[in-house]
Amino acid sequence: MPKVKVNDIEIEVPAGTNMIEAAKLAGVEIPHYCYHPHLSIAGNCRMCMCEADSPRGPMLEIACNMQAREGLSIKTETDKVKAVRKSVMEFLLVNHPLDCPICDQSGECRLQDYYMDHGQYDSRGVDPKVGKHKRQDIGEHIVLDAERCVECSRCVRFGDEVTGTGDLRLMNRGDHTEIGMFPGTRLEHNYQGNLADICPVGALTNKEFRFQRRVWYLRETDSVCTGCSTGCNTKVCHQEGEVFRTLPRRNDDVNKSWMCDPGREVNSVVGSLTRLLRPTVDGAPVADATAVLAARIKAAGPGRTGFVLGSSASLEANWALLQVVKANCVGARVFRVAGNNAGSIVKSDDFLMDADKNPNTAGVALLADWAGNVGDAEALREADLALLVVLEDDIVSRLSGNPAEAIAYFGTHTNPTAELASIVIPVAHVVEMDATYVNRQGRVQRARRATNPQGEAIPAYQALEKLGAALGRAPGTSMPTATFAAMARTVPRLNGLDYKALGAGGRPLAPAPEPAAAPAAEAK
Amino acid sequence: MDFPRILSGNWDTPDSHRLAVAKSRGVYSQLPRALAMAPNDITQIVKDSGLRGRGGAGFPTGMKWSFVPPAEKRQGKSVYLLCNADESEPGTFKDRYCLWLDPHLLFEGMAIASRALDCHVGYIYIRGEFRYIARRLEEALAEAYAAGLLGKNILGSGHDFDLYVHVGAGAYICGEETALISSLEGEKGQPKLKPPFPAVEGAWRSPTIVNNVETLAVVPWLIQHGAAAYKALGTEKSPGTKLFSVSGHVRRPGVYEIPLGIPMMQFINEYAGGLLPGRTLKAVIPGGSSVPVMTPAEVAICSMDYESINTNAGSYLGSGGMIVMDDTTDLVAALTNLLRFYAHESCGQCTPCREGCGWMHQILCRVRDGEASEVDLGTLRDLADNIHSKTICFFGASAAMPVQSFLTKFRSEFLDRVQRRGVGAA
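Which chain is which? The protein sequence lines are W and A, in order.
Mapping of the first sequence onto the working numbering: position 145 corresponds to residue 145, and the numbering continues sequentially without gaps.
Mapping of the second sequence onto the working numbering: position 214 corresponds to residue 214, and the numbering continues sequentially without gaps.
Looking at chain W on its own, in the form it has when it is part of the complex (with noise of 0.2 Å):
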């Protein structure tokens, strides 16, 4: 691997690697609009300038257009490249309009960044500024202002280069550019949000977060989606308990930094209406539903009971589930109906939206392998049971017939399943606690608490913890530190896993004994 110089510090970096990259991994932060790491190098917004060695002496050249070579040496702060960002600073600015106390992007926006960092200059801009179209609705999920927009072409770059819809397009010339869309067209693919996330300034805002909370109230919390067994990685922002938004956390091995429009959704689903709030009992709220099931399991007698892992569970509440019935319900039946999509509109396509709307298909997958006799959708349909446990997956669209006498759901938001249980126990949504998921490729992540779980609600590692306790043993499980500990010393394909060592980016499972076992996909 070359050695190259940033500022004097010698580091070593794979040949080739992009020089902004190439400096971060030495601790310089080189500032820019156009380079994206996951975007062709468009070199156009001339702030990433360097002093690079040449045998002609430093010259001035743009970082994002030099790939790491041996005896490559830049320089990030001498004073000519101090000059050029401050110069750079005042023309992105001279026709900018003064939006800052109504832009939504205020608090996050390079423009405010980078002046406070290399700008600060007093304002020689007295000609009248260059004026060019304001609040464009331009798609389901984007709103465009063409004069906050710095012509950066992230935006253009990221429709020809991912979605490959070539919708938004740099219009006319000089300081009249800007960017816009062909008349009569809209954006059509359902990766919109991604715009607004990668424009550097105001010009492309969200819809859904436009106006709604200042940037600087909120709390950012590593998640990862539910919304399909992708498991892009996010970040959850939050403020006092209520979600505003949830945007893509960079995984180069998962989602890079992308994630789709139906996922952000996800978490306005987290205080719903829809939300099971209070533990009941044939409809009528009680203090403690798991004490009232432990009893009904004791009642229905060995081997009448059945219980059904949940692929939208996390690994630990599945885990908790196994541990209750081996330790208390000897005899007792589990099942697992893979592939569950009731409920959803499906939506699919070649690049991060699977058609599995479960998170959780593969972790559930790996235990029922562990533990063995587990029954499918069709085990289900024709065992002869008076109680059915379930674990938040709505079941009962994908049952002809009535499976059971009576069920118990586990569940975080009312469905059809919830409505037909008699007893009901609200459990807390992936942004409520700390619980890990294994994505269609096979990789364990870890989803962090960003908010308390609404209403009743609590984890449902620790729903089962108290139904087993009130069966007879617990499972131990009501910590997932603990749990995860637990299950990386008993499941094979989980040895070795550590629950702080997944990291922000999670780990991939151990390979399945048998090849073929667990279908691998690969992010685009």
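Think of the hints as simulated: they come from the structure by calculation, not from any bench.
Be aware that one or more of the hints could be misleading.
[As the list claims (entries may be wrong)] Here are the computed distance ranges between Cβ atoms for each label pair:
(1) Gly71(W) / Ala38(A): 37 to 45 Å
(2) Ala169(A) / Pro183(W): 13 to 21 Å
(3) Asp118(A) / Gly71(W): 29 to 37 Å
[What the hints assert, rightly or not] With a cut-off of at most 30 Å between alpha-carbon atoms, the simulated DSBU-like pairs for lysine-lysine come out as follows:
(4) Lys5(W) / Lys194(A)
(5) Lys194(A) / Lys3(W)
(6) Lys73(A) / Lys82(W)
(7) Lys194(A) / Lys75(W)
(8) Lys80(W) / Lys73(A)
(9) Lys73(A) / Lys24(W)
(10) Lys409(A) / Lys5(W)
(11) Lys75(W) / Lys134(W)
(12) Lys86(W) / Lys194(A)
(13) Lys80(W) / Lys409(A)
(14) Lys409(A) / Lys86(W)
(15) Lys409(A) / Lys3(W)
(16) Lys188(A) / Lys129(W)
(17) Lys207(W) / Lys82(W)
(18) Lys134(W) / Lys188(A)
[Said to hold, decoys possible] Sample of chain W residues lacking proximity to chain A, with all beta carbon distances greater than 12 Å (derived):
(19) Tyr33
(20) Ser40
(21) Glu70
(22) Ala83
(23) Val88
(24) His96
(25) Glu178
(26) Pro183
(27) Glu208
(28) Ala406
(29) Ser422
(30) Ala488
(31) Leu502
Idealized CB from N, CA, C, for every residue including glycine.
Given chain W's structure and the hints, the job is docking chain A onto it.
Below, chain A without anything else, positioned relative to chain W:
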């Protein structure tokens, strides 16, 4: 002065654009010979001749050709030869005469170049405003094809070279070679990042050579007379003859072919007919609107070649588009007019040029109209410095250099205008 008129020799012959007339004047006489030569030998002659690109940058043509990777390193990609006929630099109007009066000389030059470059497809990219010339080129092309001088198996040599005329939409920036390529590809005419350079990865990501009309039209003469004969003309670093287009306050504006190296005043007086009666020289832009302006003192010591203009006046020979301005010229208004052009033509890609050209124009309008202060002149100078060489292509520098040079060399005119605010509204 006695010298061969390499480029303009046929211009005075009636119907010189017709194939029969062109052939009677010796056009295409070198094609059979060149097709029989080894490709490298042709490139070697061009290299030895010292021919420099006539589009403005003056890059050695033979060296440019040698940058095309050899066939075994091209991964099966074709080589393209593009003739840059997007002549649009203000003050430059030489190529249109080559195209209008001697299209076959260009075709012959391109066919010979195609042989040297192992290239089988060429394009003449002509600016949108030259539609009438494009029509003549198409007619000439049809004649050449019918005579077997272009197309498949030229003159039975086994060499194929298909030539197309592509009309641009009329954008100055499309004369920049990578913008020309973008436009030819069907994209918006915007320059591309270098590296990669076009000779390695140009049109459709294939090796591409872009040469000016005048450059390519010299090639047949080089084949006929050899490199030494060419080097015998002009100066050591600026060999050969060159077309100059003179406009402005001279008695005989027009296009003149001269051997490089003759004194600039001699050129202005003997060829362009000198200044109008009773006028004195105020300024000269020697090589198209984007090069730094020259003062009369600089004009007096410069000769018409690349090195003299650069050494003595810090300017450039450029495309050979000379603009002569006498003492009646309002230089503030002249510069404002130039910047109106650059503000309009900036492609809008790079921040400094996109925002800066319009800004400079706005300030200049105020200076011209007596509504600016000395502070504005400082701002203007800063903006030009901040645009120069901070952009993807040379356009930024092209817009900055006139501002820098006018402000430096004719500072008193600008100071006068800002000190007498409100006076001298155009």
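Status of each hint after checking the structure:
1. Gly71(W) / Ala38(A): 37 to 45 Å: About 38 Å separates the Cβ atoms of Gly71(W) and Ala38(A), which means 37 to 45 Å holds.
2. Ala169(A) / Pro183(W): 13 to 21 Å: The hinted range 13 to 21 Å holds for Ala169(A) and Pro183(W), with Cβ atoms some 19 Å apart.
3. Asp118(A) / Gly71(W): 29 to 37 Å: holds (34 Å)
4. Lys5(W) / Lys194(A): Given that 30 Å is the threshold and the Cα spacing comes to 22 Å, the pair holds.
5. Lys194(A) / Lys3(W): Roughly 23 Å between the alpha carbons, so the hint for Lys194(A) and Lys3(W) holds.
6. Lys73(A) / Lys82(W): violated (41 Å)
7. Lys194(A) / Lys75(W): holds (21 Å)
8. Lys80(W) / Lys73(A): violated (39 Å)
9. Lys73(A) / Lys24(W): violated (35 Å)
10. Lys409(A) / Lys5(W): At roughly 42 Å apart (the allowed maximum being 30 Å), Lys5(W) and Lys409(A) break the hint.
11. Lys75(W) / Lys134(W): At roughly 39 Å apart (the allowed maximum being 30 Å), Lys134(W) and Lys75(W) break the hint.
12. Lys86(W) / Lys194(A): With a Cα-Cα distance of about 24 Å, the restraint between Lys86(W) and Lys194(A) holds, given a limit of 30 Å.
13. Lys80(W) / Lys409(A): holds (25 Å)
14. Lys409(A) / Lys86(W): Measuring from Cα to Cα gives roughly 27 Å; hence the hint holds.
15. Lys409(A) / Lys3(W): Not satisfied, since the Cα-Cα distance of roughly 47 Å exceeds 30 Å.
16. Lys188(A) / Lys129(W): holds (25 Å)
17. Lys207(W) / Lys82(W): violated (36 Å)
18. Lys134(W) / Lys188(A): Within the cut-off at roughly 24 Å; holds.
19. Tyr33: violated (8 Å)
20. Ser40: violated (10 Å)
21. Glu70: holds (17 Å)
22. Ala83: violated (8 Å)
23. Val88: About 5 Å separates Val88(W) from the closest Cβ of chain A, which leaves it inside 12 Å; violated.
24. His96: violated (9 Å)
25. Glu178: violated (9 Å)
26. Pro183: holds (17 Å)
27. Glu208: holds (31 Å)
28. Ala406: holds (66 Å)
29. Ser422: Correct as stated: the minimum Cβ-Cβ distance to chain A is 65 Å, above 12 Å.
30. Ala488: holds (48 Å)
31. Leu502: It holds; Leu502(W) is separated from chain A by about 39 Å at its closest Cβ, greater than 12 Å.
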